[in-house]
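Please build the complex by placing chain B on the supplied structure of chain A, with the hints as guidance.
Respectively, the protein sequence lines represent chains A and B. Under the numbering used here, the first residue of the first sequence carries the number 390, and numbering increases by one thereafter. Under the numbering used here, the first residue of the second sequence carries the number 390, and numbering increases by one thereafter.
These aren't lab readings, by the way, just hints derived from the structure by calculation. You can take every hint at face value.
No copy labels: a pair is met if it fits in one copy or bridges any two.
DSS-like, lysine-lysine: derived pairs with alpha carbons at most 30 Å apart:
{"#": "1", "residue 1": "K436", "residue 2": "K869"}
{"#": "2", "residue 1": "K869", "residue 2": "K398"}
{"#": "3", "residue 1": "K498", "residue 2": "K827"}
{"#": "4", "residue 1": "K498", "residue 2": "K698"}
{"#": "5", "residue 1": "K498", "residue 2": "K647"}
{"#": "6", "residue 1": "K795", "residue 2": "K556"}
{"#": "7", "residue 1": "K869", "residue 2": "K400"}
{"#": "8", "residue 1": "K650", "residue 2": "K467"}
{"#": "9", "residue 1": "K467", "residue 2": "K647"}
{"#": "10", "residue 1": "K498", "residue 2": "K696"}
{"#": "11", "residue 1": "K625", "residue 2": "K778"}
{"#": "12", "residue 1": "K650", "residue 2": "K498"}
{"#": "13", "residue 1": "K741", "residue 2": "K624"}
{"#": "14", "residue 1": "K625", "residue 2": "K713"}
Protein chains: 2
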Amino acid sequence: MEQQPNTLKYKHLGIYTQNENVVYMHEDCHVCISEGFEALTRIRISKASQTIVASLNIINSDMLLPNEIGLSDAAAQKLNITENDNLYVSHLEPIESLSHVRAKIYNQKLDYNAYHEIITDIVQGDYSNIHLSAFITACAGDRMDINEISFLTKAMIASGEQLNWDKNIVVDKHCIGGLPGNRTTPLVVAIMAAYGLTMPKTSSRAITSPAGTADTMEVLTNVTLSPEEIKAVVKKEGGCIVWGGTAQLSPADDVLIKIEKALDIDSEGQLIASVLSKKAAAGSTHVVIDIPVGETAKIRSMEMARKLKSHMETVGNAVGLNIKVVITDGTQPVGRGIGPALEAIDVLKVLKNEADAPIDLKERALLLAGELLELSGKVESGTGDQIAKQVLESGQALEKFIAICKAQGRFTLPVLSPFKIEIKAQKSGTLKRINNRKIAKLAKLSGAPQSKSAGVLLNVHLGEAIEENQLLYTLYAESKGELNYAMDYKNNHNDILTII
Amino acid sequence: MEQQPNTLKYKHLGIYTQNENVVYMHEDCHVCISEGFEALTRIRISKASQTIVASLNIINSDMLLPNEIGLSDAAAQKLNITENDNLYVSHLEPIESLSHVRAKIYNQKLDYNAYHEIITDIVQGDYSNIHLSAFITACAGDRMDINEISFLTKAMIASGEQLNWDKNIVVDKHCIGGLPGNRTTPLVVAIMAAYGLTMPKTSSRAITSPAGTADTMEVLTNVTLSPEEIKAVVKKEGGCIVWGGTAQLSPADDVLIKIEKALDIDSEGQLIASVLSKKAAAGSTHVVIDIPVGETAKIRSMEMARKLKSHMETVGNAVGLNIKVVITDGTQPVGRGIGPALEAIDVLKVLKNEADAPIDLKERALLLAGELLELSGKVESGTGDQIAKQVLESGQALEKFIAICKAQGRFTLPVLSPFKIEIKAQKSGTLKRINNRKIAKLAKLSGAPQSKSAGVLLNVHLGEAIEENQLLYTLYAESKGELNYAMDYKNNHNDILTII
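Just chain A, same shape as in the assembly (with noise of 0.2 Å):
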């Protein structure tokens, strides 16, 4: 077939850019000279009815002919190419919402209308990295008034799949990170699961931290689940404990939370609209959010924590949920695991309600179950905590999370990686503080989440008495060279635990 106009021959590179698109072009195709295409510009790029946009970078050698064209891998499986197709490339027609991004940046104050355009255009992928911080970090410190931020969270709600479970009543919790093991999502999910109620759980992988609940339970059973696939477990077990991704709930999130994590922040309206446009695009009606608050946690002041509290409950209610914000100590990591495979020990140990389970992990679980029970009016006021505790301590939870796992496709047991260093105490005292931050940063450099066998296994708490060469933590990573870069850390940083 005759190639027309701006049209070219695919090549397939191999070349694996994460979820970038990049496209490459030869320095001497026709269709860069006659567009004025230059290296870095963003160029629309289509097979059939099919688009995406794409930077390109330009070929000087070999690698491809004039008339070829290559794809970063990630371009390539959104386009559904195989090798010889003909793409049609042209110029990006200029994109309108940036106008808004622009208008934010100058602090002015955006309306639905804005919100909804920015958020169809980087669901597109139209934006760029440098688009997508821009706006990120216009929206940053306070920039959103609460109006906005319910915009930006319907906005996000319309931007992708919404589920429907044909119940009156379908449980949710969520807690705003930054406490390092705080894995209590599949207890609470288990526990209400094996009560009866229906709770389809769709977590985030990690932002900042060294594990999302997503990643932990990945470690457990398959969380990559397709929408048909959530409701067929959910419709067998009354309850799941999948990755949202996938899901195509509130699809802008995924792209902004990447940037978040890229520039290690996590504004607050940014925060609310990712916890919220994921609950009410999963079709959550009543949701209790936990708040850890402590130094350093990510919530540090009381303060702060009561007007995330009363803007997370104006932004719920005006999205149409029921919403309870439960405001918790965050002053030590819960658990003993930091890290997907040492929290999902956490987490069986408890449901097995074996002698060294974490008792705080438990406690702190019953407690947000207990909320959600009376919330969801199933359960008097007052009862909650102790009915959460007998569905748990009878091993209804258990068989519940087991049947959930297999439901999603398998139960596999955790296993911890070979290489590991223990760190002992250096004197004796009274363990007076734990850096979450630095604690997690360690897990972090270990390798964790990406290596799910990496992190820190605690072996102390908070106000306890220290020994000499009592052993205070264990680190695990999957390579050599990961023990040793979270070594140099630890060597660098004689705060992370404070022994007085």
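Frame of chain A; chain B shown alone:
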């Protein structure tokens, strides 16, 4: 020679990505696996004592062997690479100055040290586009106070070379952009140098406009000179008109300007720091700043202009410059040409005192040259304008201009492109309004400034009586595609010129 751990053999791939550093490694590469590198991880790459930071792309084809490493052309050039060099790769240590960027995102004031650390890391190339965009955005929209703008300016001066001319008086001028065709700089330099003053002018390329002074001058002479070459030109002729980028003056500015261009913003703080850091680093002592004001100029109101004037003067004094800020008419383009070659033609016509030289461009250049003569103290107050006029009309300025161009390496006459379309009036009336932004956009879509001879040649001025079918302007492009693209825009915007 045996390879050390973390050492890989360089292979040339021929991938051009402008200034972006990309590193390519095979998915089976032992370093990727042992270090836990993933696609888009930012890693450090060293050859002997030279080091850069690059984003990783993972190759899963036979383009590279597992023990080989590829680099984008820009990255290879920065490391001075030859085939088969051994390169050492390592984790990127945490970028400490990003904590200041986060503080700025959260609306905190930064001190000099914070700006200095940020700018140092930016010049080293440690920031990704995401980090750069967040820094730009966090500093935009009045988020820097006047002290912070001074700190940023000083940090930018300190980040690069600083020239010293061994003269008590070194003059300079700058126009706060936004006015298409306003190419007074070459005229002012020619007049000042002809009068015996020292004016070593370094200019930017276009940020968001169809041509910067450096783009226009590049049509007539070389503008990419080393600091040594610049010194030689100025010693010989008293003046130069070169691009500031390669001179390594305020190199952070060149990095930040690319991000501002992608965002299509130009915030007050960055603008002041950009302009004044270049002036101070270039060794200037007396500087005239021109701020054109108009509805569709960069500065839209007298109020904004007066605020900018006051901030410019404060920061200028803080960094040791004698400054005069002049507010001028910005309601329409200056001269006839918009685009590098078209503007170069206007400049030459004025210098040659040709009958059809654009009178508005000439008058504006004389105003600025007059102010600068007076600011320098070399002429009496009130006489600058007349003295400048005499230097220009006597032909001394032309002679000096040609001498400067030749000292910079060549004097080439501009050539126009064969691809052009004449735009005629569809009705008669009076030309009431010229939209500077839209006419600039038209010139950009036609290919300016990358295509030197592309742009718009205006045939009319504000207030002129227009006959039906009279020629309004001519569009020039270097390719048919670009001409069509500009025409599409023209056909969709009927308010580029308003005739009533």
